[in-house]
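Visitor: Sequence:
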Amino acid sequence: MDRWRRKKRGAPVDPLYAIVNDANVSFDSERSIAEYRVQDNDHLKLGRRREPAYMFRYVNWYRVSILSTVAGLIGIAGLCACYVLLRQTPQKVTTFDYTIFAILIYFNTYMPHE
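If you count the sequence shown from 1, position 47 lands on 1285 in the working numbering, and the numbers rise without skipping.
Quick caveat, the hints were computed from the structure, so don't treat them as lab data.
Small disclaimer: the values here were computed from a predicted structure and weren't measured.
Don't take every hint at face value.
Unchecked claim - Now the in silico label distances, taken between C-beta atoms and shown as ranges:
#1 Y1300 x I1338: 14 to 22 Å
#2 C1320 x W1299: 29 to 37 Å
#3 N1298 x T1347: 17 to 25 Å
C-beta atoms are modelled at their ideal positions from N, C-alpha and C, and glycine is treated no differently.
Using the sequences plus the hints, can you model the full thing?
Guide: In structure tokens, the structure reads:
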């Protein structure tokens, strides 16, 4: 496992290391590729998958979903409040107002960002 981590952290590696690393094995460059040795397979013994090596490894998706929902609701309320304040008319709310509200809510809900 130490050898595998040393290689992964940037020591000189042979060109086939990427392929071999995907297969979760490593080999000595002076030997042939057929004589590989399986390494770092504690995750197989413990019955859990290997942790994926990508940038969202430590993201709490439950918290992300709650925060994005709250942010969307705040955005909808803000857009509606801006529309009412910019309009600045004391008359009753008309069908046109509800149409504008529906358009703002639609755009803020289904197209929040690109």
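Visitor: Falls inside 29 to 37 Å, the C-beta gap from C1320 to W1299?
Guide: 31 Å, holds
Visitor: Do N1298 and T1347 keep their Cβ atoms within the hinted range of 17 to 25 Å?
Guide: Given about 23 Å between the Cβ atoms, the range holds.
Visitor: Does the hinted range 14 to 22 Å hold for Y1300 and I1338 at CB?
Guide: With Cβ atoms ~34 Å apart, the hint is violated.
Figure legend: structure checked against the earlier numbered hints; the only hint not met is number 1.
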